[in-house]
Amino acid sequence: MKIALGRIAHARSGDKGDTANIGVIAWRERGYFILVREVTAERVKEFFGGLVKGRVERFELENLGALNFLLHQALDGGGTVSLRLDAQGKTLGAALLGMEIEVDEHELGD
Amino acid sequence: MIRIANGQGFWGDWLEAPVRLIEQGPIDYLTLDYLAEVTMSILQKQKQRDARLGYARDFPPLIARIADRIRERNIKVLANAGGVNPLACAREVRRLAPGLKVAAVLGDDIFARIDEFLAKGFQLRNLDTGEPVAAVRDRLLSANAYLGAFPLAQALATGADVVVSGRCADAALALAPMIQRFLWQETDWDLLAAGCVAGHIIECGAQATGGNFQGDWQSLPDLAEIGYPIVEAEPGGMCTITKHPGTGGRVNSHVVKEQLLYEIGDPRRYVTPDCVVDFTSLRLEEVGPDRVRVRGARGGPRTETLKVSASYAAGWKATGTLVYSWPQALEKAQAADRIVRQRLRQLGLQFDCISTEFVGVNACHGPAARPVQDPPEVELRLGVRGQNKEAVERFTRELIPLVLSGPPGATGYGEGRPPVREVVAYWPALIPRQDIEPRVEVLG
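Protein chains in written order, with our numbering: chain S, 6 to 115; chain V, 1293 to 1736.
The following block holds chain S by itself, in its conformation from the complex (with noise of 0.2 Å):
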């Protein structure tokens, strides 16, 4: 079944120069390895298409059961030269839980 990645996990995003950062935290556990599975460095650059002009890295922290994902060349040029409302890609950790992915539902059970 799809659901919303923010079923499973919450985030926080920022910046540093024009590179975004989005750190997604699995809410329990096992969450973690759904994300692995699912949320890969390709899916989240092609989740935010034209937004992100460089290449997407994923970093795993299985001890805190998260991932930390950079977006390069996300925030046309960076805090202070960008002309976006959102220079500084607060707002795109909470866009990325609304990606979809894919979980068998026996996955979501306690």
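Simulated from the structure, these hints should not be mistaken for lab results. Cβ coordinates follow ideal geometry from the N, Cα and C atoms, glycine included. One should not assume that every hint holds.
So these bits of chain S aren't anywhere near chain V, every CB distance computed over 12 Å [as the list claims (entries may be wrong)]: (1) Glu43; (2) Glu65; (3) Arg89.
Here are the computed lysine-lysine pairs in the DSBU-like style, where the Cα-Cα straight-line distance is at most 35 Å [stated by the list, open to error]: (4) S/Lys58 with V/Lys1337; (5) V/Lys1393 with V/Lys1337; (6) S/Lys95 with V/Lys1599.
On the provided structure of chain S, position chain V as indicated by the hints.
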């Protein structure tokens, strides 16, 4: 155990937060972070106009407000409020709070040393683009090396009540008291890493206590009275993140995780001036209401270079808005956008970038925004950026005429023409550590 609080996550953060941290419970150290990446360029300009300025001007009055209480309770304050003029900042603190001993940490400001470095063959290449700094030499506005926690610890060791620095790593403000009180050494990598992690968690103020929490944010109690974060640090490197009892917000492992991941890159190699931290080694544990214990930090040797944060003038920009109402709000805003662009072309104006966003439709999330059906209103947000200030100024006169000459139902133009702003771009680089000489000066 020592208690280190952070009462300011950026210049502009809640003015009451540091006062409440002092009044609502016990703390030993109060840290205040004032400097964002490009704050230094603004301060450098102020200093050029007046040699007594160039620091965070909110800071000395704050110290005056809390001076009696920090002296009574022996609370030490550490702040990077010094900007590009820590000595002037320290003097102003002394003037407003004459009873306090103030130490300034100097040596981070390398703006006046750029040519010396270029002559030595340092290229200060941009970490993102690889370009040498010579390309923007004549447009540089500021340049600062990120100092670590040891100079700040040295300043504390003088017995200063208030330590004022310029650019230092944000987390260094919290690490310094641990170094000074627990006698941590420059090669205690795991301990330094533990302190850096704790500093990183509290450096953005209330983001560690439920502010900007994207989890179940509606369940957080009383954000109006949110408590700012406190680290209870132990000599062995174990740290507990908490806040004063009775304050709003929440400290749990999910809140702390969001902040741990905030604005980091490769979690296995989080580079600070004092060590390289491996975030994948951390263990979090909820040990009580609003108490999260952090342990297991692994640190590696510090790098031979320090990060430099420079800024340079990169042209001009302006952004204006007009609101279109239902019906066909989005279609009207789109038509208005086309009209402005056509008029700009006819004027022959050159820009590096013209940007259009539709607030209420796609401004925050771009192509990832959820589709909207027939919105009651849409804000057209149109901006330009370029090297020619006159062209940008001309652009600012092209929006309001649409109220009479464009699609119907435009409003929200009460602010008049949008201001033209100088674009200050950020230039991250590296410099050999040995060429930066931090020093401490004590006043009073």
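Quick rundown of the hints versus the structure:
The beta carbon of S/Glu43 is kept farther than 12 Å from every beta carbon of chain V, the shortest such distance being approximately 16 Å. Remark: the non-interface label on S/Glu65 conflicts with the geometry, its nearest Cβ contact in chain V lying 8 Å away (cut-off 12 Å). With a closest Cβ-Cβ approach of about 7 Å to chain V, S/Arg89 is found to fall inside the 12 Å limit, against its non-interface label. Pair hint S/Lys58 plus V/Lys1337 holds up; C-alpha atoms about 33 Å apart against a cutoff of 35 Å.
In summary, the hint linking V/Lys1393 to V/Lys1337 is supported, as the alpha carbons are separated by about 28 Å, within the 35 Å threshold. Using a Cα cut-off of 35 Å, the hinted pair S/Lys95 and V/Lys1599 holds, with the two alpha carbons roughly 24 Å apart.
Violation of the numbered hints given earlier is confined to hints 2, 3; the remaining hints are satisfied by the structure.
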